[in-house]
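Trainee: So you can see what is in the structure, the chains are spelled out below.
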Amino acid sequence: MTSAEAVALPSSEDVDVPGPAPAAPKQSSGRRALTPYLFLSPTLVLLIGLMAVPIAMVIAYSFMKRAITNPDTSFVGLDNYLAVIQDPSFTVSLVNTLIFCAVSVVAHFVIGLAFALLLNSDLVPVGLRVAFRAILILPWLFTVAVTAVLWRMLLSPNGVINYLATNAGVVGAPIEWLSSADLALPAITFINIWCGYPFFMISLLAGLQGIPQDLYEAAKVDGAGPVAQFVSVTLPQLRPVIISMALLDFIWTSQQFALIWMTTGGGPINATEVLSTFTYKLAFASYDFAEASASAVIVLLLSTILAVLYVRHQRAKE
Amino acid sequence: MSTTATIPRRRRIHGRRRVAQVCAVIGLFLGGLFAGLPILWMLSSSFKSNTEIFEQPPRLITENFSLDAYVTILTDPVKVRFFINSYVVAIAVSLLSLAVASFGAYALSRFEFPFKKQINVLIISVQAVPPITLLIPYFGLVVFLGIYNSYAGLILTYMVFVLPYAIIMLTGYFNTLPRELDEAVAVDGGGRVTTLVRILMPISLPGMVSVGVYTFMIAWNEYIFALTLTRTDDMRTVPIGIQLLMGQHSYNWNEMMAMSVLGCIPVLILFLIFQRYFMSGMTAGAVKV
Chain G
1 MTSAEAVALP SSEDVDVPGP APAAPKQSSG RRALTPYLFL SPTLVLLIGL MAVPIAMVIA
61 YSFMKRAITN PDTSFVGLDN YLAVIQDPSF TVSLVNTLIF CAVSVVAHFV IGLAFALLLN
121 SDLVPVGLRV AFRAILILPW LFTVAVTAVL WRMLLSPNGV INYLATNAGV VGAPIEWLSS
181 ADLALPAITF INIWCGYPFF MISLLAGLQG IPQDLYEAAK VDGAGPVAQF VSVTLPQLRP
241 VIISMALLDF IWTSQQFALI WMTTGGGPIN ATEVLSTFTY KLAFASYDFA EASASAVIVL
301 LLSTILAVLY VRHQRAKE
Chain Z
1 MSTTATIPRR RRIHGRRRVA QVCAVIGLFL GGLFAGLPIL WMLSSSFKSN TEIFEQPPRL
61 ITENFSLDAY VTILTDPVKV RFFINSYVVA IAVSLLSLAV ASFGAYALSR FEFPFKKQIN
121 VLIISVQAVP PITLLIPYFG LVVFLGIYNS YAGLILTYMV FVLPYAIIML TGYFNTLPRE
181 LDEAVAVDGG GRVTTLVRIL MPISLPGMVS VGVYTFMIAW NEYIFALTLT RTDDMRTVPI
241 GIQLLMGQHS YNWNEMMAMS VLGCIPVLIL FLIFQRYFMS GMTAGAVKV
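Quick note, the sequences are listed as chains G and Z, same order.
The C-terminal position of the first sequence is numbered 318 in the UniProt record's numbering, with every residue numbered one higher than the one before it.
The C-terminal position of the second sequence is numbered 289 in the UniProt record's numbering, with every residue numbered one higher than the one before it.
Chain G with its partners taken away, still in its complex shape (with noise of 0.2 angstroms):
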């Protein structure tokens, strides 16, 4: 749809509206009726275009036999789902998909609000807080792949934080976060904590910034210190924003991919992995696109309960 074209025709209710000249009021209003969805035609092409068609493609791959990779497919009914549900490493994803989730969104909302609270406190100047604010920010606007890269630097076993943590007695010997069975999950976790918090930290200052003042005053008549006024003031307050924000943060850390991928690709065996790097390596490293989308439609499944929670959470606020 251009504008230009639409502009230069002779100016009328309808211009925008190809077809013939205006005739009666009758036709004139049913194209009145189609106005809207000339507007939104481009929108509709492109979502129903890469999203509702692929989405259908995806389903029905899941339930060939070759998806892609051979044009000779045949319907396998709910094999490939089986085969993903039986395959140990699935197990191993889900769960540690979940913990990653979990850690990162509570980590995430208690930094955020943490920090939130301190940049609207008056206690400290008005100066300084601007200054903190860009600064606590920085994180979230790093790129992915740059947050990997620089990570895999200062957790390698000659990097920084094996400097600090060797000389403070932390840890006897330098240690590979990274590589280790055990550290990896924790590790890529703290490096999705420090990336993520500034989300909720923004949201969360929004959120308090909206508090109604007078508020915090009937609360001081009653005799609330700032403990109890945090309690009942400001937690019930924020708690809209605060159930948003886990939930779409919950969405958007179970679909991480490059992060872990660049860290440890999913690894050291498994430890790592999670549903979306298990899901990439059936398609892209094992070829098995027919089980790959079986997978990749679980994990739809497993988001779409998470949308609906959130959208019924919204509709509920207003």
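Derived from the structure by calculation, the hints contain no laboratory data.
Be careful, since some hints might not be right.
Said to hold, decoys possible - Heads up, incomplete: computed chain G residues facing chain Z, CB under 10 angstroms, no partners named: (1) Leu38; (2) Phe39; (3) Ser41; (4) Thr43; (5) Val58; (6) Pro88; (7) Thr91; (8) Phe109; (9) Ile111; (10) Ala134; (11) Leu138; (12) Phe142; (13) Gly159; (14) Gln255; (15) Ser303; (16) Tyr310.
What the hints assert, rightly or not - Here are the simulated BS3-like cross-link-like pairs (lysine-lysine), alpha carbons at most 25 angstroms apart as the crow flies: (17) Z:Lys116 / G:Lys317; (18) G:Lys65 / G:Lys281; (19) Z:Lys117 / G:Lys317.
Stated by the list, open to error - Over 10 angstroms on every C-beta distance to chain Z, these chain G residues come out as not near it, computed from the model: (20) Lys65; (21) Leu78; (22) Tyr81; (23) Asp87; (24) Pro186; (25) Ala206.
Backbone N, C-alpha and C fix where the C-beta goes; we use that ideal spot for every residue, glycine too.
Keeping the supplied structure of chain G fixed, place chain Z upon it in accordance with the hints.
Mentor: Below, chain Z alone, put in the same frame as chain G:
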């Protein structure tokens, strides 16, 4: 928190407030270290030699400051190409999605029509579709359409991901603008497209800017589709370039850090300039949706 501020009568409260102030500043400072030190380390490493990066004890400020790593990257046509690709794709995605989203948002803001609710739900729910689910069919689709390993493949893909946010944001902006504006344009003989392009879009500049910056960031940072939908070095974007560097030169850390710094600069600059617009847009989008 702010309780003691308004009733500072007694000295004991004064003292307590002092302590709280000191604690708050210390807290912020520690937070600043947590957020900023890794970034400073990246910056400092990009000016070091490769051997100096892992020197013990580590030093934040190098004595042998050198721009060699930057020179190596900026004189290597393969690596410069990664940056050009990222700029082309990110700018195209921003402009195209602004155009498409403005039209969509106009319809959703100004009209009542059948299936409006369903279309709204479609737009919102698209945001929750996991990229990994779409990756496999996209691979097939993009090859089928003949746009594998091309800008078009990446641009179309990214547009689908940023459109929902853009439409929701712009619909919100348009909703705040009075309909009398549209009517005034109609009286002057302007059509709907004129109203949108000449009036609503310019007035919503803060919203347009925050959506543009956001879409640029998403496109600039995207990894998994850039990895899967391109094949040759001349089509790779910066995130993939950084990863290629990591695989190729068995860890030229200073070059990787220099490339990382260069890879962050456009987003940081955009963010610094448009911080105010962007923050309000971001939080509005996140909190309301």
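Trainee: Each hint needs a verdict: does it hold in this structure or not?
Mentor: We went through each hint and held it up to the structure:
no.	hint	in the structure
1	Leu38	holds, 8 angstroms
2	Phe39	holds, 4 angstroms
3	Ser41	holds, 8 angstroms
4	Thr43	holds, 4 angstroms
5	Val58	holds, 5 angstroms
6	Pro88	violated, 20 angstroms
7	Thr91	violated, 18 angstroms
8	Phe109	violated, 14 angstroms
9	Ile111	holds, 8 angstroms
10	Ala134	holds, 7 angstroms
11	Leu138	holds, 6 angstroms
12	Phe142	holds, 6 angstroms
13	Gly159	holds, 7 angstroms
14	Gln255	holds, 5 angstroms
15	Ser303	holds, 5 angstroms
16	Tyr310	holds, 7 angstroms
17	Z:Lys116 / G:Lys317	holds, 20 angstroms
18	G:Lys65 / G:Lys281	holds, 18 angstroms
19	Z:Lys117 / G:Lys317	holds, 17 angstroms
20	Lys65	holds, 15 angstroms
21	Leu78	holds, 18 angstroms
22	Tyr81	holds, 14 angstroms
23	Asp87	holds, 16 angstroms
24	Pro186	holds, 17 angstroms
25	Ala206	violated, 4 angstroms
Checked against the numbered hints above, the structure violates hints 6, 7, 8 and 25; every other hint is satisfied.
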